[in-house]
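Novice: Sequence:
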Amino acid sequence: MNTDGWLEETRTSYDTVAASYADLTRHLLDETPEERAVLALFADLVRAQGGGPVADVGCGTGRITAHLHQLGLDAFGIDLSPGMIEVARRDHPGLRFDLGSMTDLTLADASMTGLVAWYSLIHVPDDEIGSVLAHFQRVLQPGGPLLLSFHVGDESQLKTEGYGGHPMNVYVHRRQHGQLIAWLNNAGFAVESHKTLTSAESKLGGMILARRQASVPEELS
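Following my numbering from start to finish, the sequence shown increments by one per residue and tops out at 221.
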């Protein structure tokens, strides 16, 4: 599997599908009460931290950002794709959406009370995950909750079209809970809970809730 240029391919692919992606996913949370329950639990954890800014990293067209806002959080979105950000700003004009990459977050150290990566690690190659999680660890306050969702499995597949038949060129990486938990532990997170549930598309979805530990692992310091 060739993962060279994955970032640019991801950006281009989601620029292409942005409008249809928004149309097809806009009401998915209405069909997934378990996902809503996980997001509500995450919101409770943020409030228990005293509230503060929450980053939805890889926000796409902003549906999760908007839901977090409805739950009372000071949430904003970040996405690699200008097309997705344009649709997010159009569909949710009162919310903040920034163009940026999880591989190079420009947020200040310990500036986030919480962080969500909602199915946004699925295109990140294995050898980049550690760096991405290090960025998440850096920008979160000590004790700040992190919510990850992902496709459960063991395979990586090339996605050549999607969201209405538009052309795409991205790998979708399915992973097991144990693999992601090990990466999180290595990056300075303590995993509090994890579960597998069925998404609106009848695919296995994994959820992991973790917290940024107060101390940084030696290999990251």
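Worth flagging that the hints you see were computed from the coordinates, not collected in a lab.
The C-beta atom is built at its ideal place from N, Cα and C for all residues, glycine as well.
There could be a bad hint or two in this list.
What the hints assert, rightly or not - Pair ranges (Cβ atoms, derived): (1) Asp109 / Asp23: 20 to 30 Å; (2) Gly52 / Gly153: 18 to 28 Å; (3) Ala110 / Asp23: 36 to 46 Å; (4) Gly153 / Gly130: 32 to 42 Å; (5) Asn185 / Gly153: 15 to 25 Å; (6) Gly5 / Gly52: 20 to 30 Å; (7) Ala214 / Leu24: 38 to 48 Å; (8) Thr25 / Asp74: 21 to 31 Å; (9) Asp127 / Pro93: 35 to 45 Å.
Novice: Tell me the hint numbers this structure goes against, listed in increasing order.
Specialist: 1, 2, 4, 6
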